[in-house]
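Okay, here's what each chain looks like letter by letter:
Protein chains: 2
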Amino acid sequence: MKTKFKERLHSAWTSTDSMLCVGLDPTEGKLPVGLRGKPDPFFTFNKAVIDATLPWTAAYKPQFAHYAAAGRLDELGRTMAYLREVAPDRILILDAKRGDIGSTAEKYALEAFRIYDADAVTVNPYLGGDSLEPFLRDPARGVFVLCKTSNPGSADLQDLEVRGGSPLFLEVARRAAAEWNTNANLGLVAGATWPGEIGRIREAAPELPLLVPGIGAQGGDLAATLAAGLDREGWGLLINSSRGLLYASAGSDFAEAAGRAAKELCEAIRRETSTLRAEGGA
Amino acid sequence: MKTKFKERLHSAWTSTDSMLCVGLDPTEGKLPVGLRGKPDPFFTFNKAVIDATLPWTAAYKPQFAHYAAAGRLDELGRTMAYLREVAPDRILILDAKRGDIGSTAEKYALEAFRIYDADAVTVNPYLGGDSLEPFLRDPARGVFVLCKTSNPGSADLQDLEVRGGSPLFLEVARRAAAEWNTNANLGLVAGATWPGEIGRIREAAPELPLLVPGIGAQGGDLAATLAAGLDREGWGLLINSSRGLLYASAGSDFAEAAGRAAKELCEAIRRETSTLRAEGGA
Numbered sequence: 001m002k003t004k005f006k007e008r009l010h011s012a013w014t015s016t017d018s019m020l021c022v023g024l025d026p027t028e029g030k031l032p033v034g035l036r037g038k039p040d041p042f043f044t045f046n047k048a049v050i051d052a053t054l055p056w057t058a059a060y061k062p063q064f065a066h067y068a069a070a071g072r073l074d075e076l077g078r079t080m081a082y083l084r085e086v087a088p089d090r091i092l093i094l095d096a097k098r099g100d101i102g103s104t105a106e107k108y109a110l111e112a113f114r115i116y117d118a119d120a121v122t123v124n125p126y127l128g129g130d131s132l133e134p135f136l137r138d139p140a141r142g143v144f145v146l147c148k149t150s151n152p153g154s155a156d157l158q159d160l161e162v163r164g165g166s167p168l169f170l171e172v173a174r175r176a177a178a179e180w181n182t183n184a185n186l187g188l189v190a191g192a193t194w195p196g197e198i199g200r201i202r203e204a205a206p207e208l209p210l211l212v213p214g215i216g217a218q219g220g221d222l223a224a225t226l227a228a229g230l231d232r233e234g235w236g237l238l239i240n241s242s243r244g245l246l247y248a249s250a251g252s253d254f255a256e257a258a259g260r261a262a263k264e265l266c267e268a269i270r271r272e273t274s275t276l277r278a279e280g281g282a
Numbered sequence: 001m002k003t004k005f006k007e008r009l010h011s012a013w014t015s016t017d018s019m020l021c022v023g024l025d026p027t028e029g030k031l032p033v034g035l036r037g038k039p040d041p042f043f044t045f046n047k048a049v050i051d052a053t054l055p056w057t058a059a060y061k062p063q064f065a066h067y068a069a070a071g072r073l074d075e076l077g078r079t080m081a082y083l084r085e086v087a088p089d090r091i092l093i094l095d096a097k098r099g100d101i102g103s104t105a106e107k108y109a110l111e112a113f114r115i116y117d118a119d120a121v122t123v124n125p126y127l128g129g130d131s132l133e134p135f136l137r138d139p140a141r142g143v144f145v146l147c148k149t150s151n152p153g154s155a156d157l158q159d160l161e162v163r164g165g166s167p168l169f170l171e172v173a174r175r176a177a178a179e180w181n182t183n184a185n186l187g188l189v190a191g192a193t194w195p196g197e198i199g200r201i202r203e204a205a206p207e208l209p210l211l212v213p214g215i216g217a218q219g220g221d222l223a224a225t226l227a228a229g230l231d232r233e234g235w236g237l238l239i240n241s242s243r244g245l246l247y248a249s250a251g252s253d254f255a256e257a258a259g260r261a262a263k264e265l266c267e268a269i270r271r272e273t274s275t276l277r278a279e280g281g282a
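Which chain is which? The protein sequence lines are B and G, in order.
Under the numbering used here, the first residue of the first sequence carries the number 1, and numbering increases by one thereafter.
Under the numbering used here, the first residue of the second sequence carries the number 1, and numbering increases by one thereafter.
If you're looking for bench data, these hints aren't it; they were derived computationally from the structure.
Just to be clear, a hint being listed does not mean it is correct.
You can't tell identical chains apart in this list, so a pair holds if it fits in one copy or across any two.
Result set (DMTMM-like, lysine to aspartate or glutamate): computed pairs, CA atoms no more than 25 Å apart in a straight line [what the hints assert, rightly or not]: (1) 6 - 133; (2) 263 - 253; (3) 30 - 106; (4) 38 - 74; (5) 30 - 130; (6) 6 - 85; (7) 4 - 253; (8) 30 - 133.
Next comes chain B alone, as it looks inside the complex:
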């Protein structure tokens, strides 16, 4: 029997002593000059970044659109296969933000879990609980449901007050924890740009893992995110960084620079977390 997602995630955290997630979002115009025009530039770039960041990383998160827009989905497939080979104990998240109903949602689950063999996929909750069920069916695979996204426009719908005056994103967190998480494989996406909201989500969903983008390029605050988001055991987060690591250097030393940046971020997370755990804040 396959290990349950929740156990795999916990083991990825503790075995690496890291809550860092490296976003693999290659963009043609941002690749080091030496890689441009070469065959399979995305895969070559990713492989070097993976090799350099692996010691500091609990999870990897390739973003689907970057490969699709460049006509390089084959290199997404090769990246996932390479990760499986060199990082079998890390969590591989396909960031695709899927969402559809019935048999179509089943097809998207097949895309993520069979075509790309991801451990987890990001999914949009707007279509409701029955649209999430096909993604959540296998306890060995995880689903990160968008809750409060890092962009300014997230306020448009996610902050609207519903029912007793609480915002929509909190309703999503509550339903996720109380109704949708029947296989203990559901997590939430909450942007580091909103540490106050992360605190409210953590309160509403004490046991759900949170995938947190928005550190670095988007200006999210690491210390505030950790203080608000750690779970009772002092884990519970995957802190994603993409651009801040991938493009730490624009030169031929991009991989070493990504490795250094990953080490720094991982160690900063460890320091902050250890202080918070000692304070009993977690």
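Dock chain G against chain B, hints included.
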């Protein structure tokens, strides 16, 4: 200068005298036995269905997940190219339900409009107005924003009361009409399973085209949908049917059967619409 999306859509309606949209959602296990195991079965199937349904059809809507889950995205590309060739005046909608922020939303727009050369794409509004902007930037391309989806679980979030007691889906319709539609290329998705809600959406967004799935297999009511959803000019809808046409016959006459089913549905739409227009209901 390229024709604006709104004009292209209106011209597709009037030149075909049809508001039918044919969903191209091939599934391995449902293909006619004669096509299974053959090379490019999805493209071969689609080509025959397109040829047979073209006289009755204003739009085609391939659903991305069906191709992705089968590892047949190349056949999605070939289908789009074939449609461009034989149906240059019809509206080609990539049903992908994308939704992401900033530069990633730009990548998804490139996927839809450059890689697949779609006229329009379906998009999820949960991430807010700034997440929709990259899709809406080109007035020649359209965007159908999910508003009230056809599934039972659409009630979970979309029916939640916000602000002065109106449901979330209506807030989406209002914002779409008042704020997001600055390039006159935005439409909404509203399921035929909820004709009452279609009426409220039409009231809130009198000029937006509505893409309506849920007729046929999902049990949506055609007459009620048309009565609720026609715009002031007696157009305004794309009524989608997928399974009801694609699998009208499981035998080698699948294309003829799809053509007959498309003709019947198109003529039923014409009849109902013409009655409603005569009554001045539209």
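Checked hints:
no., hint, in the structure
1, 6 - 133, "within (17 Å within a copy, 36 Å between copies)"
2, 263 - 253, "within (15 Å within a copy, 62 Å between copies)"
3, 30 - 106, "between (35 Å within a copy, 15 Å between copies)"
4, 38 - 74, "both (15 Å within a copy, 23 Å between copies)"
5, 30 - 130, "between (39 Å within a copy, 23 Å between copies)"
6, 6 - 85, "within (21 Å within a copy, 49 Å between copies)"
7, 4 - 253, "neither (38 Å within a copy, 46 Å between copies)"
8, 30 - 133, "between (37 Å within a copy, 23 Å between copies)"
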